[in-house]
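Chemist: Chains A, B and C supply the protein sequences, listed in that same order. For the first sequence, the working numbering assigns the number 1 to the initial residue and increments by one for each residue that follows. For the second sequence, the working numbering assigns the number 156 to the initial residue and increments by one for each residue that follows. For the third sequence, the working numbering assigns the number 752 to the initial residue and increments by one for each residue that follows.
It is possible that some hints are incorrect.
[As the list claims (entries may be wrong)] Lysine to any residue pairs mimicking SDA-like chemistry, simulated, CA-CA at most 20 Å apart:
id, chain 1, residue 1, chain 2, residue 2
1, B, K172, C, Q757
2, A, K94, B, R232
3, A, K124, B, H609
4, C, K1269, B, H609
5, C, K1263, C, R1209
6, C, K1028, C, A914
7, B, K492, B, K350
8, B, K618, A, E135
9, B, K224, C, H803
10, B, K497, B, K562
11, C, K1269, B, E427
12, B, K555, B, G491
13, C, K778, C, T756
14, C, K1263, B, R232
15, A, K63, B, L157
16, B, K317, C, Y1080
17, A, K46, B, D740
[Claimed, not checked] Over the 12 Å line for every Cβ pair with chain A, so calculated as not near, a few chain B residues:
id, residue
18, D176
19, N532
20, K542
21, E667
Simulated from the structure, these hints should not be mistaken for lab results. For each residue, glycine too, the CB sits at the ideal point set by N, CA and C.
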Amino acid sequence: MTQQTSDSSEQSEWQPRIVAFLCNWCSYAGADLAGMSRFAYPAAIKIVRVPCSGRVDPMFVIKSFEQGADLVLVSGCHPGDCHYTSGNYHARRKLLAFRELLTFLGIDPRRFKISWVSAAEGAKWSSLVKELTAEVKELGPFETYSKILTGENGR
Amino acid sequence: MLKLTIDGQQVEVEQGKTILDAAKLAGKEIPTLCHHPAVPPAGACRICVVEIVAGDRPGLVPACAYPAKDEMEIQTRSERVLESRRMTLQLLLARSPGSDVIRQMAKEHGIKELPFPEQTGENGDDCIMCGLCVRLCQQIIGASAICFDGRGPDRKVSTPYKSQSDVCLGCGACAFVCPTGAIDPADYCPNPIEKIPNEFNCGLDSRTPIHIPFPQAVPNKPFIDRENCIRFRTGGCGACETICPAGAIDYDMTDEFVEEEVGAIIVATGYEIMDPSIYEEYGYGRYPDVVTSLEFERMVSASGPTNGELTRPSNGKPPMSIAFLQCIGSRRETGGKPYCSKICCMYTAKHTILYKHKVHDGQAFVFFMDIRAGGKNYDQFVRRVVKEKQATYLRGRVSKVFPRGDKLVVRGADTLSGTQVEIAAEMVVLVAAMVPSSGVRELSQKLRVGYDEHGFLLEAHPKLRPVDTNTAGVFLAGACHSPKDIPESVAQAGAAASKALGLVCHTRLSREPTIGVVDESSCNGCFECEGVCAYGAIGPREIKDKKGNVLATVAFINEGLCQGCGACAATCRSKSIEVQGYRDDQLFAAINAIHR
Amino acid sequence: MAVTTQLKTSKDLQELRLRLVKQREAKRIGISVCSGTGCRAHGSMELVEEFHRQLDAKGLTDVEVRATGCHGFCERGPLVVIFPQKIFYHGVKIKDVDNVIEKTIRKDELVESLLFKDPVSKAKFRLEHEVPFYAKQQRIVFRNNGKIDPAEIDDYIAADGYAALAKALSKLSPEEVIQQVQQSGLRGRGGGGFPTGKKWEICRSQDTEEKYIICNGDEGDPGAFMDRSIMEGDPHSVLEGMTIGAYAIGAAQGYIYVRGEYPLAVTNLSIAIEQSKSLGLLGDNILGSDFSFDVEIVRGAGAFVCGEETGLIASIQGDIGSPRQRPPYPAQSGLWGKPTNINNVETWANVPVIIDRGSDWFAAIGTERSKGTKVFSLVGKVQNTGLVEVPMGTTMREIVYEIGGGTQKKRKFKAVQTGGPSGGCIPESLLDLPVDFDKLQEAGAMMGSGGLIVMDERTCMVDVAKYFLAFLVDESCGKCTACREGVAQMHNILVRICQGDGRDGDVELLEKLGAYVKETSLCQLGGTAPNPVLSTIRYFRDEYETHIHGKKCRAGVCKALVSFAIDAEACNGCGLCKRNCPSEAVTGEKKQPHSIIAESCVQCGVCYEDCPFNAVIVE
């Protein structure tokens, strides 16, 4: 666990951090297209490339929160269009069940998003990121995780 | 083989053939009316009479129904034959003065006036009693819906008791064979007469169930549309099998499902023209003289529904004025396609040239937004059209098309002069957007190739890999990828072909190394991973001791099949599978790096 | 029927014949009453009943009454012939029966009033063969008519019936039978005149198992009733002929196509078929041989065109009665596509007698190229109408005058029309033409099926042509353009001419159309349809000219072109015309010459017909 050093400048100018796990063939390419097409999107988003959304292990999500992500996004190919045929179906089932677990743990489910962005949807990617950034700004920084660890919220 | 002499020319035919068959072989033309190759002959109309001069009882006989005999000598245009033929035509003309076919035939035989009065009004009848429809319906179709009613000059073709028919199939074959177009099955058939729209001609004309789809079809052979073919519907007809000289028709053929293992697939599924009926302001589907650019293309084609004669659908006359409306459905932010369909400016210019060629005194107008003519010599081409006044180009969009009198008014803008214009056109062509062929979404899902919201298939990289897709071995060419014209499609096809060749001409396959690997020491053999692998790349592997006893059964990943998606890695409970390059520790490191 | 068990051999048949002949000898007297359709219409069946009744009542048991087939002298029916002398009585009524029995049967005396009296010489004739009508006839086809009851097979057998069949089956091979028929020179009696033996030969030579025999009993010519009388009066002669033909050709099934309007013929043929079958003379294993042949009757439905071979075949098959293009001919491909031999009723009736008496005997009758006899129906404006059977070679003059007794009412002979709607007319100048297929053909006439219509000065030849064309327009099947349209147009022209609207060039157009229809039609209905027109134009062109240019019908027939007047010098004022005129168009005092009021006259022709002094004339 890394220590997060709180800084007054950080507290007053908190920059939201979104960790996004993007599948290589669709969502990552879509993000790439957004770039090529010069669709701007906020820098709050940090992308981790995986071969398929099905590669995403719930541990990655937990790790991200642990490390201080304010919102985690998993994005893959549209259902039916997975480059590996069925990877996104496995992802969907697994992660939806995982979201229930997160809710049980007391984590705001709005901080964990699943989306489908195809390689042609550069514009969609851009507007999605803008939307998520606005939402996470509203939600504020994710402090529950550290409180769980330090036992601050009494659980 | 029988030897005949027809008009002094020797010809040989098989036993069982008629004089008409022999004449055809000899290249002698004999007019017929009641003859059709698929229907047994009757010798009823008497137009085809020829003179037997020797080899059989001398006299006039009908060529279509008289069997050829060895050593026969025939005259097809002797004075006696021509006299008889003229009288037959005069009699038919008196009976059917309104029939264009008979009029034409009579004219060709130099008949100017009739020695007897024409039958007019109710008595004048285009039906010449040739009996083709009855013979066809009884002997070929097998429905026997129509028959002869009465005898002599009052004989008519009718249904039993002149009632509506219970057995008429609505196939329309009777109308098809009728030499004068006198029979209308709608008169006695309670079922709607189904004309099969000719798909290649955009439904502008109809086709038969057995047909060659278009003149350039490969293979250039006909096929049978089972849904409409009488043979498959009722067991009747079978005319095609009867007359096929090659015996090529086999009704028992079924569709074959062919399974081939291939190393590369090139997708070249092409495009369609968008249906502009959604733009109600242009009246497509409401006004018969509003057509799409593809329909126009078919109309002016020599193999099209009117054999290349451009006629207004409303009245069959050539349109003396025509308006082409470009960008219908293209370049629209909303309510259409946002992209430019690329090919329309060029082909519309071509259409104006074709139009002027067919209607010399006609006037063509083109409403355009911009002229996209970027290819080799393209701009010069369009410029020429404007300069030679093939058409008047108006820059502006059209707001409405509506009828006035027997013309259509096209109301649009001319932005260069800043005025509203109204053109009265006899025909309006909507140059509609190019869209990918229907059914492409299902295909691309099977091929695991991506597509965009318009259905255009996705290339691997828009600049650097325009013919590859993200799926190894699947390549793209042509309009399925994006709107493009012929030279570009050909170029792209060549590129895709060479890429495909590049794949299959190597002896070794190189592949990405990012595949899954099993840690056999921690694998507990639950095989959850096997269930999620989409490629069947995971199977069991027995670990044995030196004696051959099985110690454990673990998962094993086939390197050649694994595609590296990582679903197995995410599923493994004991974390015994790792995807090279995307191992857990690597991804954790990436996550950590984000937060540093 | 005396015997109902099957005859197994020719010997059985011979023995039966002898027994039946002996039986009949027991009857001293035979009264033969004509029961043909014509005499029936005059009450001949009631005569038969009356004879039976009275003979019973009077206890005369050795007298036989027999209802026999048409005797032929239809003008004078009901006819009664008393056997064995063959005393000939005509116009016999119920009231005469008593007389006939009391005088002729009991006392061998004549009933004078019933004897035939020649209208000119006033001479009376006692015996049938003396009567001028019969004197020149040679009744071979009608050998049994007048002698046997057609519903009694025993009568037929007793009269040597089926002896020919027995001979053929036991002594001749099929080829030998054909040879006999060929040597006899028999030619088709239906009108075509095709050599019968040759036709049989062609059919026999076809290499198929299944073959058919057809008897063409359609007899469509208006006024012809020869075949009717044969089928009604001697049906077994037809059956026997067909059976012999089937044996020769190799057919196992036969059809008799009878026109729908002949119910009595159908009845008598059906009875005959049933009776022959029960005796083993028809059906399986005929006369104990391994030859089987069955016959079915098919009725027509009122179409002249079904007398044409291929139209007839279509009708039997249940198709629409339209002829088809030939070749192939029926002998090669006919009923149901199999080789079929079709012959006319009269032709079949000739066959048994040829086999029985031999081809040489038959060939000795007639001319060089037309052998045997021919039955004619002599009708029209002739004294003695009826059926006449004469040897080929007899002249028209003999038939019309010596047999027919010449024209009625002393009117001038004009022409005799032969062959019905397919034939032509023979004018006075050609009356010495012999009855012969080829000679008549050369003269533009046609033997046809044997209709002879006598015409006199009051027959309009243009009207005759129009009549036949109207018939043909009605009967044309409508299949081919030439007949359907051509004949109709010819008819239209004639209608116009007879209405007074004839034009210059009409006759030439008729000739042109006629030639066209003749050579372009699909079948011989169309092929012969122009004959009446062309032949009347050939011999009576002046009548056409008068109709067209003069706008007059001198025969007094075409109403639009006729105006009657009374010849004052010939008229004696008897007033008959005035009394009979339906429109009161005649004026005149008794015993004074009468006159006709033109405005009131409707040209009905009653005065013209009735005037005993021929004082009414056509202007």
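Chemist: What's the verdict on K1269/C and E427/B, does the C-alpha distance respect the 20 Å limit or exceed it?
Modeler: Given that 20 Å is the threshold and the Cα spacing comes to 63 Å, the pair is violated.
Chemist: K172/B and Q757/C were given as a pair; does the straight-line alpha-carbon distance stay at or below 20 Å?
Modeler: Distance of about 51 Å is beyond 20 Å: violated.
Chemist: Assess, step by step, whether the Cα of K1263/C is no farther than 20 Å from the Cα of R232/B, and give holds or violated.
Modeler: Answer holds: K1263/C to R232/B is near 19 Å, not above 20 Å.
Chemist: Once the closest CB in chain A is found, is it more than 12 Å from K542/B?
Modeler: holds (38 Å)
Chemist: Would the least Cβ to Cβ distance between N532/B and chain A come out above 12 Å?
Modeler: holds (31 Å)
Chemist: For the pair supplied as a hint, K555/B and G491/B, confirm whether the alpha-carbon distance does not exceed 20 Å.
Modeler: Answer holds: K555/B to G491/B is near 17 Å, not above 20 Å.
Chemist: Are the Cα atoms of K224/B and H803/C separated by 20 Å or less?
Modeler: violated (65 Å)
Chemist: Tell me if the straight-line CA distance from K1028/C to A914/C falls inside 20 Å.
Modeler: With a Cα-Cα distance of about 16 Å, the restraint between K1028/C and A914/C holds, given a limit of 20 Å.
Chemist: Below or equal to 20 Å on CA atoms is what counts here, so check K618/B against E135/A.
Modeler: violated (35 Å)
Chemist: With the threshold set at 20 Å, check whether the alpha-carbon distance from K1269/C to H609/B stays at or below it.
Modeler: violated (75 Å)
Chemist: Closest CB-CB distance from E667/B to chain A, is it above 12 Å?
Modeler: The assertion about E667/B is violated, with a minimum of 9 Å to chain A.
Chemist: Hinted pair, alpha-carbon criterion (20 Å max): K497/B, K562/B. Please report holds or violated.
Modeler: violated (30 Å)
Checked against the numbered hints listed earlier, the structure breaks hints 1, 2, 4, 5, 7, 8, 9, 10, 11, 13, 15, 16, 21; every other hint is satisfied.
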